[in-house]
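Kindly produce the complete structure, drawing on both the sequences and the hints.
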Amino acid sequence: EFMLLPGFTVARNIKLNRENVRPNLVSRVAGKRFELLDNPRIVEEAAGALHKLGMEINPEVTVDKLPVGHMQFVEIAREIDKSNLKLLVLDEPTAVLTESEAERFLKCIRQVADEGIAVIFISHRLDEVMTLADSVVILRDGQMVFDEKTKNTSKNQIAELMVGRKLEADSMINVNRSFDGGDIILDIEHLSVSMPGERTKDVSLKVRRGEILGIGGLAGHGKTSISNGIFGMYPARGKVRYNGEELAFTRVGEALNKGMAFVSEDRKGVGLLLDESIALNMVYTDMKVNRRFLKTYGFFSLFDGKSAEKTVEEMIGELDIRCTGSKQLVGRLSGGNQQKVCMARALITRPELLFVSEPTRGIDIGAKQILLNYLVKINKELGITIVMTSSELNELRTICDRIAIIGSGVVQGILKPDAPNVDFALLMSGEKGGDPS
Numbered sequence: 001e002f003m004l005l006p007g008f009t010v011a012r013n014i015k016l017n018r019e020n021v022r023p024n025l026v027s028r029v030a031g032k033r034f035e036l037l038d039n040p041r042i043v044e045e046a047a048g049a050l051h052k053l054g055m056e057i058n059p060e061v062t063v064d065k066l067p068v069g070h071m072q073f074v075e076i077a078r079e080i081d082k083s084n085l086k087l088l089v090l091d092e093p094t095a096v097l098t099e100s101e102a103e104r105f106l107k108c109i110r111q112v113a114d115e116g117i118a119v120i121f122i123s124h125r126l127d128e129v130m131t132l133a134d135s136v137v138i139l140r141d142g143q144m145v146f147d148e149k150t151k152n153t154s155k156n157q158i159a160e161l162m163v164g165r166k167l168e169a170d171s172m173i174n175v176n177r178s179f180d181g182g183d184i185i186l187d188i189e190h191l192s193v194s195m196p197g198e199r200t201k202d203v204s205l206k207v208r209r210g211e212i213l214g215i216g217g218l219a220g221h222g223k224t225s226i227s228n229g230i231f232g233m234y235p236a237r238g239k240v241r242y243n244g245e246e247l248a249f250t251r252v253g254e255a256l257n258k259g260m261a262f263v264s265e266d267r268k269g270v271g272l273l274l275d276e277s278i279a280l281n282m283v284y285t286d287m288k289v290n291r292r293f294l295k296t297y298g299f300f301s302l303f304d305g306k307s308a309e310k311t312v313e314e315m316i317g318e319l320d321i322r323c324t325g326s327k328q329l330v331g332r333l334s335g336g337n338q339q340k341v342c343m344a345r346a347l348i349t350r351p352e353l354l355f356v357s358e359p360t361r362g363i364d365i366g367a368k369q370i371l372l373n374y375l376v377k378i379n380k381e382l383g384i385t386i387v388m389t390s391s392e393l394n395e396l397r398t399i400c401d402r403i404a405i406i407g408s409g410v411v412q413g414i415l416k417p418d419a420p421n422v423d424f425a426l427l428m429s430g431e432k433g434g435d436p437s
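Its first residue numbered 1, the sequence shown is counted upward by one per residue in the UniProt record's numbering.
These are calculated hints, taken from the structure and not from any lab test.
Every residue gets a Cβ at the ideal spot worked out from N, C-alpha and C, and that includes glycine.
Do not rely on the hints blindly, as some may be mistaken.
When the alpha-carbon atoms are kept at most 25 angstroms apart in a straight line, the in silico DSS-like pairs for lysine-lysine are as follows [said to hold, decoys possible]:
#1 LYS32 / LYS107
#2 LYS377 / LYS206
#3 LYS52 / LYS65
#4 LYS155 / LYS239
#5 LYS258 / LYS380
#6 LYS258 / LYS206
#7 LYS65 / LYS201
#8 LYS288 / LYS306
#9 LYS52 / LYS32
#10 LYS206 / LYS155
#11 LYS327 / LYS268
#12 LYS377 / LYS258
#13 LYS151 / LYS201
#14 LYS86 / LYS149
#15 LYS295 / LYS258
#16 LYS377 / LYS416
#17 LYS258 / LYS288
#18 LYS268 / LYS65
#19 LYS288 / LYS327
#20 LYS306 / LYS295
Have a look at the derived ranges for each label pair, beta carbon to beta carbon [what the hints assert, rightly or not]:
#21 LYS32 / LEU273: 38 to 48 angstroms
#22 ALA248 / SER135: 10 to 20 angstroms
#23 ARG110 / LYS32: 37 to 47 angstroms
#24 TYR234 / LYS149: 18 to 28 angstroms
#25 LYS82 / GLY54: 44 to 54 angstroms
#26 SER429 / VAL21: 35 to 45 angstroms
#27 LYS82 / SER27: 23 to 33 angstroms
#28 ALA248 / PHE300: 22 to 32 angstroms
#29 ARG110 / PRO420: 26 to 36 angstroms
#30 ARG292 / ARG33: 56 to 66 angstroms
#31 ALA248 / SER83: 54 to 64 angstroms
#32 GLU79 / SER135: 18 to 28 angstroms
Listed below in structure tokens is the structure:
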């Protein structure tokens, strides 16, 4: 969710409304409004702002060609390029960044603060708050419930104050998973996906029935394009077999028709109808795929809100969606509650295989815990096979049976979640390894 102009270059976005201009013969006579853009200087200063953040992004490429993580750096570069900057407000700035990108970003923000610029850093990532902030303020239900120096508090205390209750051990995600391995439900061979900023070149991967398979890796290396390619969102080639039958995945909607479901990383652009009700959003895919929740009048069919009411209310309760009711517009919900609606929309179709991409991006710790717990629950109780793509390696290691690391558009290796940290680091750095079975 960025405030960028996708058709403009990186440099033009950074210098927007503060463009460098140069005088010419006409402007000397007719005035400043006839001055021309000084493009070389715009590019030079934009590159300098990006360099301050430790990013070597080509300032002359258009923003729509960048991976999501790089777009975030462009937004921050635009702000720190302002000469009169005194206060910088950052709202979930690392939500779309990988761990390594976030670490680099935090160092840059610390440097900005050391130069005398005040920073308000709004985040649900407690490790980052503890690392970066000098003091912590907690808001819950619109009220300030805590204000203290960071050195005088702890991560656990902050988490408990954020959710308004003690985080008991029995409410945490069950990490004691045991999976013996089922038959192959999804067999991906030599998959290439042309997704801007996230291309895959040659991915081969087998998903076992009943498992939770994690897909991780650095931003821009192709991890999010796998699910997008299989669901026909971007041009793709290769072979995909689902339950032993070849899937015509280049056809939009084919994967949905065969019993799969997808929760996209782009909940506002792809996952939701923001100007429609919670109820319609939840059942929309099921209406299209399974023809449920419809009233038919001859050749025409309309949404039957009454028949959907029970299912929708059950999902609102199950996922603890904070709303005024099923008729509330989805665009009025918080990010965490919007993500829960996306999850409900996928599950109402009763899928056999569920793809979820960045399910906890930009949501608070309470909603994050509910969603991750729910994924484990539906996997255990309903037998739904889950493929979860995430930039949060710790979350993948918490709930997954195996984790595939994608680098440079290919599978670098597959590890168990309890593998040493160094093994994951080596795979992310491009060292092949792990058991690909």
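Here's how the hints hold up against the structure:
A threshold of 25 angstroms between alpha carbons decides the hint, and for LYS32 with LYS107 the separation of about 40 angstroms lies outside it, so the pair is violated. Distance check on the hinted pair: LYS377 and LYS206 sit about 23 angstroms apart at the alpha-carbon level, within 25 angstroms; holds. A threshold of 25 angstroms between alpha carbons decides the hint, and for LYS52 with LYS65 the separation of about 22 angstroms falls inside it, so the pair holds. With a CA separation close to 46 angstroms, the supplied pair LYS155 and LYS239 exceeds the 25 angstroms bound.
Taken as a hint, the LYS258 and LYS380 pair is honoured in the structure, with Cα atoms around 22 angstroms apart against an allowance of 25 angstroms. Of the pairs offered as hints, the one joining LYS258 and LYS206 holds, with about 18 angstroms between alpha carbons and a cut-off of 25 angstroms not exceeded. Of the supplied pair hints, the one linking LYS65 and LYS201 holds, its CA atoms being roughly 17 angstroms apart against a limit of 25 angstroms. Taking the CA atoms of LYS288 and LYS306, the gap is about 17 angstroms. The hint holds against a cut of 25 angstroms.
Between the alpha carbons of LYS52 and LYS32 the distance comes to roughly 31 angstroms, so the proposed pair goes past 25 angstroms and is violated. The hinted pair formed by LYS206 and LYS155 fails the criterion: a straight-line CA distance of about 38 angstroms is larger than 25 angstroms. For the hint linking LYS327 to LYS268, the alpha-carbon distance of about 18 angstroms falls within 25 angstroms, and the restraint holds. Restraint check: the Cα-Cα separation between LYS377 and LYS258 comes to about 23 angstroms, which is no more than 25 angstroms; the hinted pair holds.
At most 25 angstroms may separate the alpha-carbon atoms for a hinted pair to count; LYS151 and LYS201 exceed this at roughly 46 angstroms. Between LYS86 and LYS149 the CA atoms are separated by roughly 22 angstroms; this keeps the pair inside 25 angstroms, and the hint holds. For the proposed pair LYS295 and LYS258, the alpha carbon gap of about 24 angstroms is at most 25 angstroms, so the pair holds. Distance restraint check for LYS377 and LYS416: the Cα-Cα separation of roughly 20 angstroms lies within the 25 angstroms cut-off, and the hinted pair is therefore satisfied.
A threshold of 25 angstroms between alpha carbons decides the hint, and for LYS258 with LYS288 the separation of about 13 angstroms falls inside it, so the pair holds. A distance of roughly 19 angstroms separates the Cα atoms of LYS268 and LYS65; the hinted pair therefore holds under the 25 angstroms criterion. About 20 angstroms separates the Cα atoms of LYS288 and LYS327, which keeps this hinted pair within 25 angstroms; it holds. With a C-alpha separation of about 10 angstroms, the suggested pair LYS306 and LYS295 falls inside the 25 angstroms cut-off, and the hint holds.
Distance hint for LYS32 and LEU273: a CB-CB separation of about 46 angstroms, consistent with the stated range 38 to 48 angstroms. For ALA248 and SER135, the Cβ-Cβ distance of about 56 angstroms falls outside the hinted range of 10 to 20 angstroms, so the restraint is violated. At roughly 39 angstroms, the beta-carbon separation of ARG110 and LYS32 lies within the given 37 to 47 angstroms, and the hint holds. The hinted window of 18 to 28 angstroms between TYR234 and LYS149 is violated, with their beta carbons roughly 47 angstroms apart.
The hint said 44 to 54 angstroms for the Cβ distance between LYS82 and GLY54, and at roughly 19 angstroms that hint is violated. For SER429 and VAL21, the Cβ-Cβ distance of about 44 angstroms falls inside the hinted range of 35 to 45 angstroms, so the restraint holds. Checked against the hint of 23 to 33 angstroms, the pair LYS82 and SER27 passes, with Cβ atoms roughly 25 angstroms apart. Checked against the hint of 22 to 32 angstroms, the pair ALA248 and PHE300 passes, with Cβ atoms roughly 29 angstroms apart.
Between ARG110 and PRO420 the beta carbon distance is about 29 angstroms. The supplied range of 26 to 36 angstroms therefore holds. In this structure, ARG292 and ARG33 meet the distance hint of 56 to 66 angstroms, their C-beta atoms being roughly 60 angstroms apart. Separated by about 55 angstroms at the C-beta atoms, ALA248 and SER83 satisfy the suggested range of 54 to 64 angstroms. At roughly 22 angstroms, the beta carbons of GLU79 and SER135 sit within the given window of 18 to 28 angstroms.
Violated hints for the displayed structure, listed by number in ascending order: 1, 4, 9, 10, 13, 22, 24 and 25.
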